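Following the hints, position chain B against chain A.
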Amino acid sequence: MNYLDYLTSNSEQILFLTQAHFLVVLIAVGVGSAISVALGLAVSTGEPDPPRFSLDWFAAGVREGGLVFTAALLTVPSLALYALFLPFTGLGVTTAIVVLVIYTLYTVLRNTVAGLTTVDRAVLESARGLGYGRLRRLLTIQLPLAWPVILNGIRVTTLISISIAVVGAVVQGPGLGILLINGISRIGAANSFYQVLTGTLFCLVVAAVFEIFFAIVQRLTIPRGIRV
Amino acid sequence: MSETTDQPVVETPHGAGKPDMIVLEGVEKIYPGSTQPAVSELDLAIPQGEIVMLIGPSGCGKTTTLKMINRLIEPTSGRILLDGKDVTHVNGDQLRREIGYVIQQGGLFPHFSIADNIGVVPKMLGWDKQRIRERADELLHLVGLEPSTFRDRYPRQLSGGQQQRVGVARALAADPPVMLMDEPFGAIDPITRERLQEEFLDIQRTVGKTIAFVTHDLQEAVKLGDKIAVFATGRLEQYADPDTVLTRPANDFVSDFVGGGAAVRRLSLVELAHLELHPVETDEAGTSGATGQGTAAGSRNGVAVAEVDGSGRPVSWRHLPDRDAAGTPLVTVPISGSVYDAVDVMLDGCASLVAVVDEEGRAQGVLHWNDLVGGLRTRQGHA
Chain A
1 MNYLDYLTSN SEQILFLTQA HFLVVLIAVG VGSAISVALG LAVSTGEPDP
51 PRFSLDWFAA GVREGGLVFT AALLTVPSLA LYALFLPFTG LGVTTAIVVL
101 VIYTLYTVLR NTVAGLTTVD RAVLESARGL GYGRLRRLLT IQLPLAWPVI
151 LNGIRVTTLI SISIAVVGAV VQGPGLGILL INGISRIGAA NSFYQVLTGT
201 LFCLVVAAVF EIFFAIVQRL TIPRGIRV
Chain B
1 MSETTDQPVV ETPHGAGKPD MIVLEGVEKI YPGSTQPAVS ELDLAIPQGE
51 IVMLIGPSGC GKTTTLKMIN RLIEPTSGRI LLDGKDVTHV NGDQLRREIG
101 YVIQQGGLFP HFSIADNIGV VPKMLGWDKQ RIRERADELL HLVGLEPSTF
151 RDRYPRQLSG GQQQRVGVAR ALAADPPVML MDEPFGAIDP ITRERLQEEF
201 LDIQRTVGKT IAFVTHDLQE AVKLGDKIAV FATGRLEQYA DPDTVLTRPA
251 NDFVSDFVGG GAAVRRLSLV ELAHLELHPV ETDEAGTSGA TGQGTAAGSR
301 NGVAVAEVDG SGRPVSWRHL PDRDAAGTPL VTVPISGSVY DAVDVMLDGC
351 ASLVAVVDEE GRAQGVLHWN DLVGGLRTRQ GHA
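Read top to bottom, the protein sequences are chains A and B. Heads up, the first sequence stops at 228 in full-length UniProt numbering, and the numbers go up one at a time, no gaps. Heads up, the second sequence stops at 383 in full-length UniProt numbering, and the numbers go up one at a time, no gaps.
Chain A extracted, bound-state conformation (with noise of 0.2 Å):
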């Protein structure tokens, strides 16, 4: 059997573990990036340099603290991530989402803390002076002009979660895990590394289609006066 014949006879399966990969990362990702921007809004200052033990100044805590966090658990070995979640969430699609979520989060927080922080001062001065409220402001004329490095950081998560996804198998999660965890786990038999090979390139697949995916995106929502 040549690695063509492979293809064709498992095509279905192949199809739809790279469906379900996709679609895994693209909750994950999606929930991760609604969680990590929403924080980050919430935790922007509006000043630099926050007077001590006002709102701003909590709320510059809360940031860093969450950035020291969400990198931290970044750091944590996947493997272990998911075995630890086993006793709480179980087997399956639950734990494999989760663990892809809490990985995804410190990317874009800190994108999204970075976006937020570098708009120049004399726009926000200006909105001030012409009378924008702080939420206003935020929302109108911060959020925009911060999203293209908000959505830099959301790319660069994508990419990550669908290899890290790939760890998934180990729970039972879905995708292209299932595929090389069962080729390595009998490597040498019949087949086995058309399994880690068809893996692989699958993972590739769905990259490139997340790629395609994010420049539709960007097209879309970067405001014209900022497109690069």
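Just to be clear, a hint being listed does not mean it is correct.
[Stated by the list, open to error] According to the in silico footprint, chain B covers these stretches of chain A (three or more CB under 8 Å from chain B):
1. 76-88
2. 121-130
[What the hints assert, rightly or not] Ranges between beta-carbon positions, derived for each pair:
3. B:P57 to A:F53: 27 to 35 Å
4. A:Q218 to B:D348: 52 to 60 Å
5. A:L135 to B:R131: 20 to 28 Å
The hints are simulated quantities; they were obtained by calculation from the structure and are not laboratory data. All values reported here derive from a predicted model rather than from experimental measurement. Ideal placement from N, C-alpha and C gives every residue a C-beta, glycine not left out.
Just chain B, lined up with the frame of chain A:
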């Protein structure tokens, strides 16, 4: 003037009669963590329709003062009145929508088109779309930008000078009676800055706003201001018209700040149009037709005669009283300029006299170098 005239250094010969639009009463600002007030016990009244230039060295409190007027910075104590109404405790965002605000780099929103940038305040005030669009076009026109070319562009497609014009248009959008300007021309190249200043004065003649304007450039303050407020470390040292600040500084600080060049700077206050100039006659290639302010045609004693080209523009001196006409280059200065411009032209052209010309380039009179030291005569009935 209102009841706030107890300031020690206020001299307001022109302002009398006009009601005060902006009044600061005993305003003080102490920043958190600082013991020294940034602005202390400040009383300042700006009459309606006047441009007041706030000037002083860095850290003198001029920007803090400006930003307290629209409460971008909240005063620690004191009262702020706008058009007689106490605004010290009203909603800051609402207040700021009623006050025009222009900052140094323009501060345009990069993701908004030019028309949308101009329309931000009207939009917040709930104007309908059609009216906002018409207003944006009207203002683009006012600041000298063609609406059809510029309304759909984005800030990054504009030069610094154009962006600053849009910044001014945006501040004027909802027709606020008061404008605050924080070094609006500070980051612009000198040539463009000068043009923007001229245009700014033109616009002000049309709109007649009450303007507080922060600058660190004395030249700019003298050129644009109806009054100048000189600040030193949180205190108002002198508040008077430019001429008074230059010629009669209130104290050593102001005289140091104004510096040694005061007499030269004052020249930019004297407009050529207001001066009694020496008469000039013109000759077109051989014939002797006299125009301008010459008394009698053909009388060449004591009257300068310039040779003009076909369209009436002087090209060289034909006859000059008491000097060699051929050896004196002919330089011209527009009558809309100041004596400062005339001196500049004379120095530049190594000429001891300059022909003052009107918009069409025709000679209107002559200014001699000696007039500068002999005393300039102002024309009667030409205020």
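Hints versus structure:
{"no.": "1", "hint": "76-88", "result": "violated (count 0)"}
{"no.": "2", "hint": "121-130", "result": "holds (count 8)"}
{"no.": "3", "hint": "B:P57 to A:F53: 27 to 35 Å", "result": "holds (34 Å)"}
{"no.": "4", "hint": "A:Q218 to B:D348: 52 to 60 Å", "result": "holds (55 Å)"}
{"no.": "5", "hint": "A:L135 to B:R131: 20 to 28 Å", "result": "holds (26 Å)"}
Violated hint for the displayed structure: number 1, the only one.
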